[in-house]
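Here is how the chains run, residue by residue.
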Amino acid sequence: MPTQAPRRYGRPRMRVVTDESQTWLRELRDPATREEAATRLHALLLRAARFEVSRRRSSDVDDLATQAADDALVAILAKLDTFQGRSRFTTWAYKFVLLEAAVKARRRAWQGHEVTIDDEAWTRMAAQGRSADDSLATGELLAAIAEAVPRCLTDHQRHVLTALALDGVPVDVLAERLDTTRGALYKTLHDARRKLRAELEEEGLLQ
Amino acid sequence: MTTPNDKRVLVERLLGPGEPEVTCEECFELLDQYVDLEVHGDDADATLPGMRAHLVGCPACHEDHESLLAFVAVRER
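Heads up: the sequence lines are chains A and B, in that order.
First residue of the first sequence: -15, per the working numbering; consecutive thereafter.
First residue of the second sequence: 15, per the working numbering; consecutive thereafter.
Wrong hints could be hidden among the right ones.
Covered stretches of chain B (chain A as the covering partner; in silico rule of three or more C-beta atoms under 8 Å from a C-beta of chain A) [stated by the list, open to error]:
hint, segment
1, 28 to 40
2, 44 to 51
3, 67 to 73
4, 79 to 87
Treat the hints as calculated values from the structure; they're not laboratory data.
The C-beta atom is built at its ideal place from N, Cα and C for all residues, glycine as well.
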């Protein structure tokens, strides 16, 4: 576990499932109404997916949005029993389709782009940080981070930090290329950051 | 040329929020509740501690949050 956040999830009043949410759940569970309700839900999901794909100025809006809505509907129907009424049903459903649409759009944008790890970037960053004359504290900190990276991090941590934090590779894209999950990569990033913070605190550069 | 602001942003990206935070999986689990609280003007950060720090530290979850908040807010109008 990379975190120690207290688990105080939700106020009691948010657990009350609204009438609208109850109706969705009932109609999606009842064999007599399930198909018609799923069709209506798919239309809502498609609208959300179009919103997301268009916002990202992705090509093939219709294709990506339809794929996202289709995949999200399958996921939602499979997880229907996990809906706990802490939000409106539609908000809960939208998060699935927006995630699907965002992941597909990010992967589409990076299609054909190679992800290369440039370890020399840390050396350049250390030199650039030290040469700063208008932001001494930040420049010094940046240089110290760049010097600590090769010293404190494992190869895997360094590669993940370089790709995600330095090169701006989306975590979903990196996860796909490395055949791992977004959560696993974020944990690696979190552990790398924790090591760097500890190192900088020891050097008196961070409180 | 790298500006002081660029460098500050880079330091934040490299070091992260430095506070207790939820994982990506927990963030996804709680995101709908967090957004509904925000849209209705409730204190989402007090109700769901660790979410804000994760949204600061994780660019992908940050984007997912922005998307859901923007879409739900438009539909609530």
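Going down the list of hints, with the structure as the test:
no.: 1; hint: 28 to 40; result: holds (count 11)
no.: 2; hint: 44 to 51; result: holds (count 7)
no.: 3; hint: 67 to 73; result: holds (count 5)
no.: 4; hint: 79 to 87; result: holds (count 5)
Comparing the model with each numbered hint stated earlier shows that all of them hold.
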